[in-house]
Each structure stands twice: as structure tokens, then as C-alpha cells.
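> Sequence:
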Amino acid sequence: MYIKNLRIQDVKLLRDVEISFVRDGKPRMWTVLLGENGLCKTTILQAIALAASGPDRANQLADVRSYPDRRNEKDHPSTISALFGFGATCQKRRAYPGLDPDFKGTPDVASTLTLFNGLGVFLGNSSYLDQNSETIKYTNKFNSQQLYYPLQESRARGLPHWFVAGYGVTRSLPSPMSSEGLADPVLDRLAPLFDRGRLIGTGFLELFESTEVTKRYIEELLKAIISKDDKRKLLPKIATATLGRWNKAKKTRFLPESHQFGFQSGKKSVNIPANWLSHGYQSMIAWVADLVGQIFWDAGGPLSLEEMEGLVLIDELDIHLHPAWQLGLIGALKSTFPRIQFVATTHSPMLLPGLDQDEILHIFQDEEGNVQIKMAGQSPSLMTGSEIYGSFFGIDQLYPIDVGADLQRYGYLSSDPSRTDEEDRELSTILAKLRNAGIEPDWLPTPRKSQRGNGRRKHS
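Here this note's numbering is used: the first residue of the sequence shown is 12, the next is one more, and so on.
The hints are simulated quantities; they were obtained by calculation from the structure and are not laboratory data. Since the structure is predicted, the reported quantities are computational estimates derived from the model, not experimental observations. Honestly, I wouldn't trust all of these hints.
In silico DSSO-like pairs for lysine-lysine, Cα to Cα no more than 27 Å straight-line [said to hold, decoys possible]:
no. : residue 1 : residue 2
1   : Lys-234   : Lys-103
2   : Lys-242   : Lys-103
3   : Lys-226   : Lys-248
4   : Lys-15    : Lys-37
5   : Lys-242   : Lys-226
Throw the hints in and build the complete structure from the sequences for me.
As C-alpha cells, this is what we get:
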């Protein structure tokens with residue numbers, strides 16, 4: 012399942028925002044949202060999740076009363092409308108409940124949620140659309156045509172290959188033997204995006220009953236996180252990994268040894284238990300292992316990384332990751348999951364070089380306080396770091412903090428032998444500020460030349 016279009020009206024600061032996720036008529040596989048804190052980036056991810064899950068589960072996922080735009084009148088509704096499509100790889104394995112069996116091609120699904128302020132619940136509907144965006148009706152056994160709500164039924168029946176998953180900022184590995192399974196897969200896959208529930212991650216090793224499925228899960232997960240190709244390397248400095256089921260017969264203190272990763276230290280590789288790794292490594296392993304496991308669970312069996320389709324929503328994709336790691340992350344994910352559609356948020360400029368121009372959406376606030384969205388003005392792939400900071404984050408100074416600017420000014424004045432009396436006093440003031448901040452410049456001011464008769468400056 013892929014998102015093709017989203018419109019949000021009167022939700023928090025989103026008065027009327029529409030986003031296209033289409034390129035050349037097909038779903039765009041990557042979209043990254045940039046913007047300052049408080050401009051509803053997470054809300055946009057959650058709106059997609061709610062529209063994709065249908066009204067019943069949307070009401071279970073969201074804190075519904077927090078969504079209306081408080082600037083509106085009490086009876087003014089909030090709406091989320093989305094258009095979803097499907098990939099061709101799993102087409103033959105996917106069921107479309109209520110669709111006329113004679114329909115040719117792959118339908119789209121339109122989903123709408125409406126929230127009346129004070130009501131406290133989403134009301135919603137869904138429908139199939141053909142390639143001309145016309146609503147498709149179905150014929151029941153009494154031969155009377157009526158509208159049908161396919162999204163609600165697909166979620167109620169847990170149909171495979173309508174896959175959507177969401178990950179919030181808390182992404183950690185599970186404790187040994189703590190995974191209890193998926194009570195409601197649709198809810199469980201999206202709950203982390205709403206700060207509810209937790210990731211199963213590598214805990215899927217305990218949930219698959221088939222040895223063959225478990226074996227394939229390990230194989231595909233290792234393909235995802237361990238690669239000799241630097242362009243596909245999701246875990247830098249990790250050369251090997253050993254994943255096994257938790258052995259219930261062993262004492263608890265031996266359980267972490269079942270999952271070990273070969274961490275490159277100099278010329279040697281040191282095996283380290285998964286839960287001894289840093290937050291960055293654990294976070295990456297946790298959500299990637301969860302994603303592969305969730306897709307296996309949804310499909311009812313193994314799929315290769317190349318076959319996996321679906322929509323994945325990730326809040327703060329860069330969290331816990333060093334800038335050097337972030338720099339290659341998007342490219343690695345594109346290579347590893349070529350048919351997964353990602354919509355993510357970030358505050359990091361280091362992710363941007365891996366994206367095309369239309370994959371970056373800049374979120375800002377207009378003069379009336381409404382959130383607006385525009386596509387990036389240019390591609391970041393050929394931009395310098397300073398240009399990325401200036402174009403996408405509004406930081407156009409070499410030194411974005413006062414002490415840096417002071418140090419730059421000190422360097423300019425101290426190297427000018429023709430500085431005026433006023434500039435010389437300014438130099439002394441700046442030097443005192445730098446020393447007060449614990450900074451001692453490692454060069455002395457150039458002695459001043461006599462100002463008399465040189466025609467450039469005169470003492471006051």
C-alpha cells in the first residue's frame with residue numbers, strides 16, 4: 012500500500028495543506044519533511060497513518076481531541092483525506108474485498124476521516140477508485156448497487172499486502188523473551204508512531220512457529236543490516252552478526268549472548284551482545300528487524316527484501332546517528348528496500364544529499380500562522396554543507412553562535428594594522444569576552460601602523 016495524495020484541513024496548525032506523493036504518475040518512494048519544531052511534521056505522519064488504518068482503528072490510535080484547530084469555531088470539522096495505491100509485485104497475492112472480479116487493473120483507495128469538534132471520534136469512509144478517479148461501485152447478491160467501504164473491511168479481516176507501519180522516536184531492542192505477539196497487527200504496527208506500544212524487533216525470532224520462516228527471517232534481516240557494499244551498509248563498522256532464538260533453558264544472564272554483532276575495532280572484530288551496542292546501533296537494528304518481521308507476519312510467510320512492498324512512516328529518522336552515518340543512510344535504505352515507500356521527518360542536513368529535489372518538503376509558517384509546505388527549491392546532491400544549512404535550515408552564517416562570530420571578528424581586526432582607535436577598543440572588548448568564555452586566541456594582534464598622513468584613517 013502506497014500513499015499518493017494527502018489533504019489535511021483544520022487539524023492543529025494545518026488549515027488547508029495538500030501533499031502529492033507522486034512522481035511521473037507513480038508513487039514516489041521517498042519523502043522527507045523538514046521544518047522547525049512545532050510545525051506539525053509528526054502530525055502529518057500520524058494523519059497518513061490514521062487515514063490508512065480506517066476510522067475504527069484511528070480512534071484507538073489517536074488522542075482524538077488534540078487534533079482540531081483550536082482557532083476555529085467549535086462546530087467546524089477537521090478532515091483528513093488520502094488516496095492510496097498498490098504495488099504490482101504482490102498484486103496476485105492481494106485480495107480486494109468487494110471489488111468487481113471483472114475489474115481490470117489495480118484500483119486506488121480513497122479514505123476520508125472527519126472529526127467534529129466536541130464529538131471526540133473520527134467518522135470515516137473509503138471507496139475504490141479507478142484510473143480516472145471515478146468511484147467504483149460493487150454489486151451485491153441482491154444486484155443492488157451501493158457504496159462499499161473496502162479499507163474498513165480489509166483492516167477488520169487483516170488482509171495481507173495492505174501494509175503500513177509507523178515508528179516514533181522511541182526505537183529500542185526488546186528485552187529477552189518479552190515479545191507476546193501481535194494482538195491486532197494494524198494497531199501494533201502503527202502504535203509506536205503515537206507513543207503507544209513497543210517494537211517487537213528481533214523478538215520476531217520467538218514468534219515465528221516455522222523453522223523455515225525463522226531461517227528466512229534471519230537471512231533477510233542479515234542481508235538488510237550486514238553488507239560488504241558500502242552503498243547498502245545500514246550498520247557501519249559491523250561486519251558480522253549472529254542471531255538466534257532466546258534459549259529458555261539457559262539462565263537469564265546468558266540470554267543476551269544469543270544476538271551478537273561483530274564490531275570492527277581497528278583491524279580486529281569484537282563480538283558484542285546486541286544490548287551492549289550504542290543507542291544508534293540498537294535503534295537501527297530494532298526498527299529494521301521489526302519492519303522485516305512485520306512484513307513476514309503480514310504476508311504469512313517469507314518475502315525477499317526486493318519483493319517487500321508497503322508504506323513506512325518514521326519520525327526523526329536521524330535520531331541517535333552520527334552525521335557521518337546519516338550521510339549514507341538514505342542511499343543505503345533505497346538500495347535495501349527498493350519497493351518500500353518511506354515518509355520521514357528529520358532535523359538533520361546530513362540526510363539530504365541522498366535525496367532528490369522533489370523528495371524534500373519544507374514546512375514553514377505563513378504570516379497568519381498557518382503551516383504551509385513547499386518542495387525544495389533545488390537538489391541538495393550538488394550543494395556544499397554551508398549551502399545546505401542556508402537553503403534548508405536558514406542558517407547562513409559561518410558561525411551560528413555568538414562566540415564564533417566574536418572569534419571571526421577578532422581575527423579580522425587583529426590582522427588589520429590600520430585599525431582605528433574605535434576598532435582597537437572593540438578588539439580589546441572582544442578579547443575580554445573570549446577569555447571570559449575560556450577561549451584564548453593563539454595569535455597576537457598585529458601592531459598598528461601610524462595613522463598620520465596615510466590618507467586611510469585618522470585618529471578621532
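> For every hint, state whether the structure bears it out.
A quick look at each hint next to the structure:
no. : hint              : result
1   : Lys-234 - Lys-103 : 26 Å, holds
2   : Lys-242 - Lys-103 : 32 Å, violated
3   : Lys-226 - Lys-248 : 24 Å, holds
4   : Lys-15 - Lys-37   : 8 Å, holds
5   : Lys-242 - Lys-226 : 25 Å, holds
Hint 2 from the list above is the single one not met by this structure.
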